[in-house]
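Visitor: Chain by chain, the residues:
2 protein chains.
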Amino acid sequence: MKLCKYGTNRVLEPQGVLPQAAQKIDNNMEIYDNEILIDVISLNIDSASFTQLKGEAEGDETKIGAKIMEIVAERGKMQNPVTGSGGMLIGKIAKIGKDLAYRNLAVGDKIATLVSLSLTPLKIEKINAIQMNIDRVDVTAQAILFETGIYAKLPEDMTQELALAALDVAGAPAQTAKMVKPGDSVLVLGAGGKSGMLCCYEAMRRVGPTGNVVAMCRSDADRDKLLDNGLAHAVIQSDVTRPIELMDKALAANGGHEFDISINCVNVPNSEMASIMPVRDGGTVYFFSMAVSFTKAALGAEGIGKDVNMVIGNGYSRGHAEITLAQLRESAELRKIFEERYV
Amino acid sequence: MKLCKYGTNRVLEPQGVLPQAAQKIDNNMEIYDNEILIDVISLNIDSASFTQLKGEAEGDETKIGAKIMEIVAERGKMQNPVTGSGGMLIGKIAKIGKDLAYRNLAVGDKIATLVSLSLTPLKIEKINAIQMNIDRVDVTAQAILFETGIYAKLPEDMTQELALAALDVAGAPAQTAKMVKPGDSVLVLGAGGKSGMLCCYEAMRRVGPTGNVVAMCRSDADRDKLLDNGLAHAVIQSDVTRPIELMDKALAANGGHEFDISINCVNVPNSEMASIMPVRDGGTVYFFSMAVSFTKAALGAEGIGKDVNMVIGNGYSRGHAEITLAQLRESAELRKIFEERYV
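Top to bottom, those sequences are chains A and B. The numbering of the first sequence is the numbering used here, which starts it at 1 and goes up by one. The numbering of the second sequence is the numbering used here, which starts it at 1 and goes up by one.
By construction, these hints were calculated from the structure, which means they are not laboratory data. Hints are supplied without guarantee of correctness; some may be wrong.
Same chains, same label: a pair holds when it works inside one copy or across any pair of copies.
[Claimed, not checked] Straight-line distance between alpha carbons at most 20 Å, and here's what the computed EDC-like set of lysine to aspartate or glutamate pairs gives:
#, residue 1, residue 2
1, Lys-249, Asp-138
2, Lys-336, Asp-157
3, Lys-92, Glu-330
4, Lys-249, Asp-135
5, Lys-194, Asp-228
6, Lys-98, Asp-228
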């Protein structure tokens, strides 16, 4: 059998697509020669998906657990059928296919997968705990990593929970690092969450003394956290579904000027216009939220005649794991917040 | 009264949203100082909306007319309550608000609006004809364009139908013009359609003698059309829902190398991976198709560890109408194809 580095061998239906687009994939835990078998410790469900699951189950843990078991049994992977999104996992290397023996990896190594659960073959034996406040599900399970599946060995100088919490959203700060230039004005929407805080931190480093980072959040607690820890020059409290009010507040915090860049880290729908309207013509709108609608963004910008570059946040960016872990090493404040809230 | 460039002054309910999201907008035809009044000649109802109206009225023209009158009376705009979509209109400038007097526009100019009817204040006096085969409704009516509402003056040197056919997809070639550089290799998916052909033409001009434009289409007729009219260096025939097969063919047509840019003009779902896989790390994937899924793109690139820039095709780009109409003036071949197929 010819092996595919993208894992298409395991696609059951429909044929010819990649594992992520598949309705159902093969979660038989006999590995091919170019695969890696993992004993899974926990699943970090992505925020959009977990919010949806919680809503559907009306906050009932047992129902959430049952729904996760049902999804994985049906699809062979933990891909939320409503949001289409997944998350990531941590576990220990159980077996390495012989074609990948050259890698700097050994059985027993603890890793975090950096590819989405929405394409990762998974078989859950049992759910051990659901940690509602950090979107984490502890399991007895096995999973498979394809040849192209990216992962990070968990570092020695921090707990696995801390590393995982940050790696989960590693694409966002890494892309912020590559995009933000000295002197830029940057608006971060949904700044109180994990990816929002990491983006704020990275933007603050990049804009330098002539730039301006405005963070948008909902609660007083998030506002205080952002300001007290120097994660933004200014904070506005607003609601992404009220784009005009949000824009007015954001512009007021930027000397009345439109922004060079907005970064959307919001975990609710209908945030597109709030991201687009405060940005200048020729500026960049970077959508990291998985709750963003492609057509609402494309038609929304057209509807108000805004010539902005709208970028789909790629979950992967070269070096994203290193960039994100370095943030936690550099910033005692960020590390403390992460340890208090997400571990 | 403080005037809003986005027209929110006219939102009646619910308060706080933009005109497109509003249930009802004010269609009083007294204009504000930053608005333009139009004597409407015809409405080009969008295809999804017109199909729905025809179905509901069981093809009865009188009933379609009555339904349109009812919708506009209720909402102050022609936004189909089932599909949510609108269309565009053609008319003559009746009055220009004094804040917009600086514009290169005069009373009597014939224009097409390039913003959706779903956000355009409209008052219909009477319906004169319904042209069932081209989704067009000729009316005696007035409409209002907001300060941010984009439009194009209809040119003298081509029929209104030809201009509209091209303006309908003007965002794509304009963004191609801005993105493609000399020496680039460019893959256009869905190259046989309107926007695909315009993107191919623009890419061919931009890449110059050291670049390579590969067009992907389905049919033999499209292949011949693209090659016979010099719209690409090479054509591949493939299926976007089979991304691995498509990638193999595309790379073979590019000397075995990955592409700098891919442009997605496909009108079917599940084309994301076919756009992402053939592009090099650091390259750009430009999604113009409205059938693209945000999450499939974001998670798909991550899933295969591809560090590409993924751009949401903005329906608007500065100068997009001029750029697109100029293509039809420059290329006799393109104009002939458009006149034969889309007028």
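Visitor: Broken hints, numbered, in rising order?
Guide: 1, 3, 4, 6
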